[in-house]
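Visitor: Assemble the whole structure, with the sequences as input and the hints as a guide.
Here are the chains, one letter per residue:
Number of protein chains: 4
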Amino acid sequence: MERRVEVGVLGATGMVGQQFIRFLQGHPWFEVTWLGASRRSAGKKYVEAANWTLDGGVPESIARQTVHEAKPTNGAPKLMFSAMDASVAGEIEQAFAGAGHFVVSNSRNHRMEPDVPLLIPEVNAEHLEIIPAQRKNRGWDGAIVTNPNCSTITMALGLAPLKPFGIRKILGATLQAISGAGYPGMPSMDIVGNVVPFIKNEEEKMESETQKILGDYAGGKIAHLPAAVSAHCHRVAVVDGHTVAVSVELDRRPGVDALADAIASYRGIPQQKSLPSAPRQPVHVMPDDNRPQPRKDALLEDGMAIAVGRIRECPILDYKMVILGHNTIRGAAGAAVLNAELLLEQGLLD
Amino acid sequence: MERRVEVGVLGATGMVGQQFIRFLQGHPWFEVTWLGASRRSAGKKYVEAANWTLDGGVPESIARQTVHEAKPTNGAPKLMFSAMDASVAGEIEQAFAGAGHFVVSNSRNHRMEPDVPLLIPEVNAEHLEIIPAQRKNRGWDGAIVTNPNCSTITMALGLAPLKPFGIRKILGATLQAISGAGYPGMPSMDIVGNVVPFIKNEEEKMESETQKILGDYAGGKIAHLPAAVSAHCHRVAVVDGHTVAVSVELDRRPGVDALADAIASYRGIPQQKSLPSAPRQPVHVMPDDNRPQPRKDALLEDGMAIAVGRIRECPILDYKMVILGHNTIRGAAGAAVLNAELLLEQGLLD
Amino acid sequence: MERRVEVGVLGATGMVGQQFIRFLQGHPWFEVTWLGASRRSAGKKYVEAANWTLDGGVPESIARQTVHEAKPTNGAPKLMFSAMDASVAGEIEQAFAGAGHFVVSNSRNHRMEPDVPLLIPEVNAEHLEIIPAQRKNRGWDGAIVTNPNCSTITMALGLAPLKPFGIRKILGATLQAISGAGYPGMPSMDIVGNVVPFIKNEEEKMESETQKILGDYAGGKIAHLPAAVSAHCHRVAVVDGHTVAVSVELDRRPGVDALADAIASYRGIPQQKSLPSAPRQPVHVMPDDNRPQPRKDALLEDGMAIAVGRIRECPILDYKMVILGHNTIRGAAGAAVLNAELLLEQGLLD
Amino acid sequence: MERRVEVGVLGATGMVGQQFIRFLQGHPWFEVTWLGASRRSAGKKYVEAANWTLDGGVPESIARQTVHEAKPTNGAPKLMFSAMDASVAGEIEQAFAGAGHFVVSNSRNHRMEPDVPLLIPEVNAEHLEIIPAQRKNRGWDGAIVTNPNCSTITMALGLAPLKPFGIRKILGATLQAISGAGYPGMPSMDIVGNVVPFIKNEEEKMESETQKILGDYAGGKIAHLPAAVSAHCHRVAVVDGHTVAVSVELDRRPGVDALADAIASYRGIPQQKSLPSAPRQPVHVMPDDNRPQPRKDALLEDGMAIAVGRIRECPILDYKMVILGHNTIRGAAGAAVLNAELLLEQGLLD
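So the sequence lines, in the order shown, correspond to chains A, X, L and C. With the working numbering applied, the first sequence corresponds to residues 1 to 350, in that order. With the working numbering applied, the second sequence corresponds to residues 1 to 350, in that order. With the working numbering applied, the third sequence corresponds to residues 1 to 350, in that order. With the working numbering applied, the fourth sequence corresponds to residues 1 to 350, in that order.
Just so you know, these hints were derived from the structure itself, not from any lab. Check each hint, because a few of them may be wrong.
Straight-line Cα separation of at most 20 angstroms, SDA-like style, residue types lysine to any residue; simulated pairs [unchecked claim]:
| id | chain 1 | residue 1 | chain 2 | residue 2 |
| --- | --- | --- | --- | --- |
| 1 | X | LYS205 | X | GLY90 |
| 2 | L | LYS200 | C | ILE311 |
| 3 | C | LYS169 | L | GLU313 |
Derived coverage of chain X by chain A (criterion: at least 3 residues anywhere in the stretch with Cβ under 8 angstroms from a Cβ of chain A; other residues may be distant) [to be verified]:
| id | segment |
| --- | --- |
| 4 | 171–184 |
| 5 | 193–199 |
| 6 | 243–255 |
| 7 | 272–286 |
| 8 | 290–298 |
| 9 | 311–318 |
The structure presented is a predicted model; accordingly, all values stated were derived computationally and were not measured. Just so you know, even glycine gets a beta-carbon here, dropped at the ideal spot from N, CA and C.
Guide: Structural data, given as structure tokens:
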């Protein structure tokens, strides 16, 4: 690629926006040239508008850029990453899509709409075929593509290799990292030396989003997988990395070894096309009994691969296993960037 | 009670033995007068033989007692608490029972034997009726009674109030405290800021022990509950308190409110007889969405009550809930002492 | 005492106010009958006005009391505990003192004023002699008495036994618990697995308050101790208990053993008069090399005693030691209640 | 460099040995071709002999190498890194030096011997001039060079830029990471939610090693800096990164700004010669009040740079500051490798 594609970040000053900016530093295809935020930040230099909370400082190429108000204007790039808070993301993303932009969003607002892809490039790239219908339905020149919630993507990508065996039921209990709650997020008095067995709306997202992600595209529609999904969500005192203990029931039981082989050999378009942010192997099977562990394994393949361990029989459903993913990389900024890479590779951004 | 019953502690110098000694300080019925340990410790003063790792020092009434080798001898009290490591508990407990002692054990060795009660006094006091058969089978004057594993007791006592609805399936995912692994237990490098998704033999214990505890005594036998039980066990960086996320399937679905009422109104013999270590209410239902939490709730009723929260419908089994118990109190020393209180109240120690 | 003294709590709905309410439950001398908070809370039942964040629920005797606006009114008790935020405590405390109330404050606003005692009852009870001057200066019928900052009180009480040797220099480096920052306090993303080497204004408070506390009352004035004090303050991922590593220079060097004896044998008026909240021994010397530790030792004597360990020679100043105190008990609510007990015992509340 | 220099690792199977092996992977100058361990491991493949505890697996180029007994033999490379436990390092390192090897050691055994350099390449490269005397004294063809203890190197390198102002007194209080204690190291029950105010022999090492490191080479001898050094050492629940709160007294007080400039502009031979493991800037000054923090800043320049913050006046000594370093990188394996790079660059390995 001779020249990098200019991209914008909506919600650029927040914690997720900062993660987008950091993840995109040095990206071979994309260059951040437009930063959108609230009216309050508009007109300021980024380094003044943002309360940078990530390690390392504001990247130099970003620090002096002027922040724009997050509305479509001349000069805004066609590709927009949305890191906006759900309280405002809905209307603004629609405004950009209506103005011809391609919005690749990490926000939850449009994830469950029937004509919006909820994309994991290895899993359901064919869901992108809904985009012409989306444009037609809404009269847009642009489009919106979303990525799943951070715990959902971990579980769904970890289980996607089992789809050929017919997934009937998924029960997942999470042990989620504090970085999933953003900044300031959880008060330390609530989580140091503790477990909090509740994350607002998280179980609902895991249950519904998983069905959509694992569903087929057929007859011009995204059909949800008719599997029952049940989630128990917990916050633990881990910085990065969501762990999910999963029991799964299948139409056909291949046996533990065949299941492990199916998981380890799973590949998708990102691997076939060698997309820049794609892991070589999207899901790794860890042999040791006591793995995966978030502090030791979340950064597998720079945080873009999922780790699965302890595949064994379940006395109630068919199999049990532990699935781990990096919630702010594969579960957020990295997920959206990989989505955009797929869009570019498939010619959808032309 | 005019005069306290003398008791011994087998394995008195280890961490669990220390917890027994601490729990029994000031006990209205029992007085520790005999300390048994390995031959290496025999003859030493307790304060010299034990590497005391609990908060506060060695109780004064114990510090100067001489440690005995853990084998039946003249002068050893009839009631013996066993806190021995599983590697040696099997034979020694049998020797004491054979010599006429009543061994109330926290060790795992005899838990699953058909003629040994695996006792939670609120739940299965009638299992004590097996003792005559135990004595006959083994030619003992004494007997062995055991308490369950720390995570099992938490889940089993929390679910016992559901037994009238017919328990068919139990799936539990644990978040277990580090104190459950004893001392030195887990290396800090493995658990600080981390989750370890494996505890050796723990899932097997939760699955088999739960079936025995919740089974009926009928026809001169302890029948196991014919329910499927599946456990996922994890260690987290919590000091005390095991949390278990449970999904359960029942024969009859009473509805969430009736289930909560059944749990909160559950009482057993320890409450009816006001046993000294019995909680007023064995299982509490917590109304807040984000409770129970180990650091805040494990010490409910001095650590002898179980807390249940977030009772809700499960898309796969019938109901989901969160169950919390204090692993070293209700899950170990307190469990055994309550067992002994029941034995005394029922005249079994006469 | 036949009948308990009625007391009020200013700032009753905040976290420190909650700690006062909890600490005063079952107090033999004091009964909370008046709750003051902001106008926004006035008129509501306490249980509705307060977002209770402590373990256990709102005490029953408090839950249904009506919250008052925090200004002097008929019926408000003479003795008022102030747990108000520093942003409002200054004027309100003065208004109550002017209206004849005795304000026992945990807030920082008046601590350093020359005519206000900064009281640790074991250390400087004679500073109460300034009260007539305070009343005269300000034309008040009431008065204000304050307790020190939580890290200051730990270090100052731990070092007070050394005053007879002539304290010249105190250098203290703290490792402070997160509960010292209140609720919500520190974001978990800042402190889990981390150290934060800065607490706003804390070093200044430790340096100036220590000099005032350890000063003499002479010539009708509170003279500050002319010792140099230097503090380094750090936050660590501990729930309760501030640890301070101290080096101290003295006029006379008694030797390590004599120093330990002086610390362990230190007693004050609270011990002589057996005040209800007084520890039997205000400062304990711990013999083990690796103590005191916050998780294991902060609750010494129900959190009202200070623990000192590792007394040894310092190559730069004269001696080094580690001092530990419970920051929300001896460092806040317990400190103020002990102050009020001293006032009552000395007849100042008549 | 056309061809990489072959190196050995003594104590290769232990945790520090593993860190050496990991740090040396892909090193442009050195290639690990010889692995030494105890007789018990000799003859086994490395992957079988070592219980690999670091993240990521055993590097492929190492896994199949055969482990040797750690004694001088034909074929062992001239340059040997020593990661041996202090209980055995003394004699074995001497045996290798006597057999002509250049031993670059992380062990404490020879650090304080007068004719052995205790090297930080930026600080005291001239101490290498003692090597001919070492060889002559001991009749060795080889030599031993050591690096300091992990907390010492952090403090000493952070303070080295102040040497021109005349360092008189250094008082340091540490908050040290658990990785400094190796594996299994501290039991989790001792450190989760806790502080341990004692690390065996650590204060003594910080006090004596700092004086040697900062001393001059003159008259054929390494003179110790005649400064008083006092250390308070604490373990905290941080994974990597030692924080040290330092007060320092100088002959000349340059002012806070000049001090910061001196620190930030400090450079040494590793920077001048661009040694492969050298940080661009050995000591960074962080502008924010609440930095450096171990979890966020320990990996500065891949863990090879030291971070200093909060430079301010001290009421007792002259200046206070916070110094942070990565204990297993700059404080251990990285330190030794940088030492070896300096040796190679200066022609000492020819």
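Visitor: Hint by hint, say whether it matches the structure.
Guide: So, going through the hints one by one against the coordinates:
1. For the hint pairing X/LYS205 with X/GLY90, the CA-to-CA distance comes to about 17 angstroms; that is within 20 angstroms, so the pair holds.
2. Taken as a hint, the L/LYS200 and C/ILE311 pair is honoured in the structure, with Cα atoms around 15 angstroms apart against an allowance of 20 angstroms.
3. A threshold of 20 angstroms between alpha carbons decides the hint, and for C/LYS169 with L/GLU313 the separation of about 15 angstroms falls inside it, so the pair holds.
4. Remark: the segment 171–184 of chain X is confirmed as covered by chain A, as 3 of its residues place a Cβ nearer than 8 angstroms to a Cβ of that chain, reaching the required three.
5. Restraint check on the segment 193–199 of chain X versus chain A: 6 residues with Cβ-Cβ distances below 8 angstroms, three needed, restraint holds.
6. With 3 residues having a beta carbon nearer than 8 angstroms to a beta carbon of chain A, the segment 243–255 of chain X meets the requirement of three or more and the stated coverage holds.
7. With a threshold of 8 angstroms between beta carbons, the proposed coverage of the segment 272–286 of chain X by chain A is violated, since 0 of its residues qualify and at least three are required.
8. Interface restraint, the segment 290–298 of chain X with chain A: holds (7 residues with C-beta to C-beta distance below 8 angstroms; minimum three).
9. With 4 residues having a beta carbon nearer than 8 angstroms to a beta carbon of chain A, the segment 311–318 of chain X meets the requirement of three or more and the stated coverage holds.
When each numbered hint is compared with the structure, a violation occurs for hint 7 only.
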